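K.L.:
Let the hints inform the model, and build the full structure from the sequences given.
What follows is the residue order along each chain.
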Amino acid sequence: MLLPIMGLPGTARIGYHHRVSLAVCGGIVVVGAIPVVVTGTVNRELIAAAAGGTAIGGLIGLVGLVHLMGQIGGLLSDVDADADPSVFSPTAEQSGLVGRIATHCMTLQRLQRETTAIERTAMSYRRAIEETNSTEMTPHLDTAVEPEPLAGLGTVINTAFNDLEARIGELTSFATEVATYGQELRMSSEELHDGSQQVTETIQEISDNAHRQHQELETVAVEMEAFSTTVDEIADAATDVAALSTRTVETGQSGRESAHTAIEGMHQIEAEATETIEEIEALTTAVEQIDELIDFIAEIAEQTNMLALNANIEASRAGEAGDGFGAVASEIKALAERTKDAATDIEDRLAEIQHRTDRTVTEVEATSERIAANADAIENALTALDEIAALAQETNDGVQSIRQMTAQELETTQEIADVVDRTAQTAASIGEETTEESETVVAAAQAQTAALDQIADSAGQLAERASRLSSLLGSVTPASDSNGFEPEGPPSTDAAPSDDQTTLENSH
Amino acid sequence: MSQSRSDDADAIARKHRVEFVHVRIDTERWAIERGRVRRLVRTPQLTRIPRAPAPIAGATEQSGTVTAVIDGRTLCGADAGRGQQADGTLVVFEGPQLEQRTGLLVDHVQGIESHSVDQISAVADERPQSPSYHCARIDETAWVLDPNRLIDAISTGNASVTSDQ
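Protein chains in written order, with this note's numbering: chain S, 1 to 508; chain L, 1001 to 1165.
Derived from the structure by calculation, the hints contain no laboratory data. Just so it is clear, the structure is predicted and the values come from calculations on it, not from any experiment. Among these hints, one or two may not hold up.
[Claimed, not checked] Partial list, computed: chain S residues near chain L (C-beta under 8 Å):
{"#": "1", "residue": "Thr304"}
{"#": "2", "residue": "Val441"}
{"#": "3", "residue": "Val442"}
[Said to hold, decoys possible] Now the stretches of chain L that chain S is said to cover, found in silico as 3 or more residues with beta-carbon under 8 Å:
{"#": "4", "region": "1027-1038"}
{"#": "5", "region": "1109-1116"}
For every residue, glycine included, the Cβ atom is placed at its ideal position computed from N, Cα and C.
P.N.:
So this is what it looks like as structure tokens:
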């Protein structure tokens, strides 16, 4: 590609000078390719700067070489024209020409020395560049060399390497930071992902809770309605109980009066029983007296009977004269026996009377004792009735208070039921809105989660690429073949970027 | 005329009947021929007689006459031990052959009853255990007591304490 520019007639004629020129150009191209290789992992500005420096150095070298090759070409044409064997007669002009040839040979020798020096300098430059590594990019080319353009070239290369080292350092730091940030971003993305998941779950739970709260509020509303009904029933029951308490008080008072009357009756019965016992005891005494009289009568009857028997005996002793007396005695005896039987009958009846009287006395005494006991019981009942009446009065007062409180409670309950009803309706609407909003939020959160997943993936890839960049920057060395000076085709700045470069640019 | 016949019949009937004074000693019914009874005395006042035989409960005074009292309960083997005021009735015996007026103290005099001679059966003397003062039996309801035999038995000390019925 450089041959037409140099105006050479063909490659067969390219000799030593051509090789020198190509070596210089190849070195220049190699130097220019270094930034290209480096910028494969950096940016376009750095590449442009390196290319600019390379182009300037290359142009300077090319100008010198074109001038030198033009002089060499003219000299060779002259030599070819004077090489006719038939005309070998040195002339002055030929002599002058030989002198010029000698001069040119000397010039060629000088040029050869200069070319050798240039080649040596280029080799030293190459070694210096090859000896550079990632930690020390500056090759420190020797600039005190000839020719001056080559020294300028070394200076430019040194400057470019210094600049490139600084850029690479910044780039490495930047890549490290990018890797760190990418790692942190991935972690943050994961945390955000987890948080988003939690937010989603929380929102779903809130939605469920809102729905459940709505259901519970409806249940509470129903319960409050039932409670209101119960309170109403309690109020009615309290009214009934108040009426019953009033009736209880009245009944207690009536019972108290009845108990008073009963106690008075009991006392009267007790007194009468005492009088009855006294009367019965008097009757018993009279019966005993009668019994004594009956005994006396029986004794008289017995004596009469005995007297009649003796009269009969006496009559029998008198013989027939005593028959009449005996008959009288028999009549007297019969009368005495009837008297005795009557006395015995009376005595039996008196004994029966006395037995019954005793039993009556016992029963009356027992009755009196029972009456006394019943009187005590009735007095206790009276006391109990008084207490019942008092308690019933207190109950009535309490029930009245309960009724009033129940009425108030009923109003309050109704108000609470209304509030609960309204709250339930509000909760229902809020629950629906919450459900809708939560669905929206859930969708957004899911989208966010997906985006965060992508961010996390990208951050991971970025971190990975940054790590790889950092490692590449750490291991970057100038690209060269084993032979060094003649690469078949230098990489162009217009060439397509590598995959890594493309990925990095896409990542950026 | 008819009255006379009736009287005759009554007389004949009376000749075939015997009147007894029925008494009760403890649980036994005894009968004493009415002609052997002088009088009846209720709850006589007794005076104990020292060294007297066992059936003699004591002596009592009746109309100026001292009467020996035989305790019928002692004869029957029932509880004796009567006090000074004897409960019961003293049946004073009648008999001219008695040297000492004597009476039998019984628990109760049931009355004077007339019995047909057909109702009365003699007691066989050959019964060795029969008391000697039993002379007859009335319809298997009562023993007929002979006061003379009783007094003789007491006097000779052969008065059995219990009767053999």
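K.L.:
Would you mind marking each hint as holding or not holding in the structure?
P.N.:
Verification of the hints:
Taking 8 Å as the C-beta cut-off, the interface hint given for Thr304 of chain S is violated, the closest approach to chain L being about 11 Å. A distance limit of 8 Å between C-beta atoms decides the matter here; for Val441 of chain S the minimum to chain L is near 129 Å, and the interface restraint is violated. A distance limit of 8 Å between C-beta atoms decides the matter here; for Val442 of chain S the minimum to chain L is near 128 Å, and the interface restraint is violated. With a cut-off of 8 Å between beta carbons, the region 1027-1038 of chain L has 4 residues touching chain S; three or more are needed, and the interface restraint holds.
Judged by the Cβ-Cβ criterion of 8 Å, the region 1109-1116 of chain L is covered by chain S as claimed, because 3 of its residues qualify and three suffice.
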